[in-house]
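Undergrad: Listed below, chain by chain, are the residues.
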Amino acid sequence: MVNSPPTLLALWGVATAVGKSFQNVLSQEHWGMGLALMFLIWLITLVSTYFFVAKTWWLPAGASAAAAWIDGQFAITFVIMGVVFLAAQLGLGYIVWRYSEKPNSPPVSYSHGNTKMEIVWTVLTAILFIGLNLMGSRVWASQRFEPAEAGAVPVEVTGMQFAWYFRYPGADGKYGTTSPKLMDPSAGGEAAVGLNTSDPASKDDVVTGTMYLPVNREIDLSLRAVDVIHSFFVPSLRFKQDAVPGLNIHMHFKPTEIGEYEIACAELCGLGHYKMHGMVHVVSQEDFDKWLAAREAEKQ
Amino acid sequence: MATPATLHSHAPQGFIRKYIFSLDHKVIGIQYFFLALTAVFVGMFLSLLMRIHMIWPTAALPLVGEIKPETYLTLLTMHGTIMVFFVLTTAPQGGFGNYFLPIQIGAPDMAFPVLNMLSFWTTFVAFVVIIAAFFVTGGAPLHGWTGYPPLSAVQASGPGEGLGADLWITSIALFCLASLMGALNFITTTLDLRAKGMTLMRMPLTVWSWFITAILGLLAFGVLLSAGILLLLDRNIGTSFYVPLVVVNGQIMGHKGGSPLLWQHLFWFFGHPEVYIAILPGMGVASQILSTFSRKPIFGYKAMVYAMLSIGFFGFMVWGHHMFMSGMSPYSAFAFSILTMCIGVPSAIKTFNWLGTMWKGHIRFQSPMLYAIGFVSLFVSGGLSGPFLAQPVLDIQLHDTYFVVGHFHLIMGVAAIFGIFAATQYWFPKMFGRMMNETWARIHFFITLAGTYAIFMPMHYLGMAGQTRRYSQFTEVAYQAKLIPLQTFMTYAAIITIAAQFIFLVNLFWSMFKGPKASDNPWEATTLEWTTTTPPPHDNFGGRTPVVHNGPYEYGVPGAAKDYVMQTDPATIAGH
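If you're matching them up, the sequences are chains X and C in order. In case it helps, our numbering puts the first sequence at residues 67 to 366. In case it helps, our numbering puts the second sequence at residues 454 to 1029.
Extracted from the complex, chain X is given alone in its bound form:
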């Protein structure tokens, strides 16, 4: 059917017509150009917005106490910026089509602007942006300005090219000392973080390559790096913090859902950056205690 000459001719005719109309749009006709531009800007805007609104790709489901706050702030920002985005882009598209030069256009309105409108616009934007910021600051303050709750579970995270190690201080609640001289990354485990085994406090320290955390307990995290800067990023827990050589950074958070969550290094740390991956297992308190006891037993 497609091979028959009349169909081909018809197709040729349609293609030529499409080509010609495109040619017209591209020609000096300003209104045609305005129309084409409006169409493109609107199309880009609506397609972009669709994927945001449909949440085809979105934040992973949150599994920590901060997730609801962060996602709430994200949602408010998203709605406000979305409305501005739609208004500005659709408006831009409309204006370029509506005010394209035509032979019968009325004269342009000769104006150097409107101070009153400028002031209204400036004040509105300032209130909007700064207000948004202040709302988010409450969350930031509660997370970062206060220390971890009493009774939080201490865990030390050490980043090195290209692995994460996790240390639990054991029953004494004290981390043993570490020493750069003792660090041996190729040996893994305790040797990798340079644990000083002659320190009594280190006797019950547990060092692992996978992180286990009890659910609904505050975690008191110490972040360290031995070689270059790494960043401890767990998207599902809404947690990210750089681990910086020379600093011991304290952070706290509370996982609220049992599950397995991926850690991805978020700071460029060298050729293996892309595979500096780890796992967080959030388990019940009971399972956590069992797991820790088993690690202690292995160590003896």
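No lab work stands behind these hints: they were computed from the structure. Just so we're clear, the structure is a prediction, and the values are computed from it rather than from any experiment. The beta-carbon is built from N, C-alpha and C at its ideal position, and this holds for glycine as well.
So the derived list for chain C, only partly shown, Cβ under 10 Å to chain X, looks like this:
#: 1; residue: 599
#: 2; residue: 696
#: 3; residue: 698
#: 4; residue: 711
#: 5; residue: 717
#: 6; residue: 748
#: 7; residue: 752
#: 8; residue: 755
#: 9; residue: 854
#: 10; residue: 910
#: 11; residue: 926
#: 12; residue: 1006
#: 13; residue: 1009
Residues from chain C shown here face chain X by an in silico Cβ test under 7 Å; the list is partial:
#: 14; residue: 756
#: 15; residue: 779
#: 16; residue: 780
#: 17; residue: 813
#: 18; residue: 817
#: 19; residue: 818
#: 20; residue: 918
#: 21; residue: 921
#: 22; residue: 923
#: 23; residue: 925
#: 24; residue: 929
Derived DSSO-like pairs: lysine-lysine, alpha-carbon spacing no greater than 30 Å straight-line:
#: 25; chain 1: X; residue 1: 320; chain 2: X; residue 2: 341
#: 26; chain 1: C; residue 1: 1015; chain 2: X; residue 2: 168
#: 27; chain 1: X; residue 1: 121; chain 2: X; residue 2: 320
#: 28; chain 1: X; residue 1: 341; chain 2: C; residue 2: 709
#: 29; chain 1: C; residue 1: 521; chain 2: X; residue 2: 341
#: 30; chain 1: C; residue 1: 709; chain 2: X; residue 2: 269
Dock chain C against the given chain X, drawing on the hints supplied.
TA: Here is chain C on its own, set in the frame of chain X:
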């Protein structure tokens, strides 16, 4: 050649003095333009290799063979550095600024022509040095364009961190020197060489943008230069400005007591103003073109000037928003965040005024106008992701993800590039005496606008889903592997968009030799460059000294003979 006596009495005669070591700001501007053109195609080629490697990691490519993960990191480092310094800083300021700032204020040349020549040739040497980094043992560095120590400071921390990294820093240091010389020249020229009647508030917004950019450059590049020298010392003579005691591969390095965060503060004290150095000239060009092609005065000229000034001012107080996750005090994050939001206000004013300029105008869709409208659209899209990243609490999720990559590519990358496209189309007739081909310019515009959105808009989706940046492969992390189809789409979009850039390139060179001859004022514009011949004579105005009577954007003036009144037209305009 009988050039009338002015500041520079004679036009140079020999080929070398005329075209190579020229003191003429117009020739130097064109030299900068071609340097940036070369650099942008190099940078674009690197990004093409990156996009291909991400999707087909084992593919053997012509010229480069199979790309290893570490090669990928050198590609992104060099892509970022070349694009930021040798394209986004070089083309708008060194290229168009050099050529048109003196003409637009009615001056015969820059204030210091020899310094101007020196700026260009230093930039040129800097470019040669950075390209050389590809060819030394170990190759180019892999520490990213931000070069965070200890990765950038400890030679053992990765391949490319030897001589390649030293060349990288040397190139940046040379570039800083060149930019400092350029900035001094721009500032002095703007302040001292304006024609009679060219008051500050009659300067075209392009001149304002180059002037403010020069001030930013003067304050920012000195800091980067110093920071870079300290990094060189850390790397080569064992100082510890940025490096504490570190253990790399089980070996204790010789450093002690340095602070990795110090580099981040110094780098971003330069780095954030640099964003505005890249985009401000684009804002100036967009304002100029939107007014000209809407046949209407710019909406809120003074507001535009104050907005640019306050963007420049606030631009120096927000560097910490790059460091919310760095371990910096969480209290300072609070201040940096509020100040960052403040920058959103003048940016919003500018957008509002651009729309106001077109409102009830007579829009002519010649190619410069298309790119200027594209600039506004991209500026809005890139700008609106800013208030997400400015909030520390959202930065927890978004920092160092593709959301950031999408944000800065749209606004300081593609929007600034659209400013350069617009400027090229707008001033090409004046620079080369011929018109560019409109049809091909339009085709290039439509493909590039749709293509860049197709590449960079999905990055926001990826970032929200937690896709970290600077990953050479996505297969190691399960949740990221699920995002590969979207990455594949972006790679195809990138291939098409990059292919379309050759339309621009061919159009540029074809038109230079074969385009129709341009008249002195083909766009019916009002600023001083359109009062002189095409191309302008050696002293810009052929012995005349222009006298300025009007503001720069007098279009659609009621009662005027034509729909535009030149800046030099002595006829008084009612209400002024």
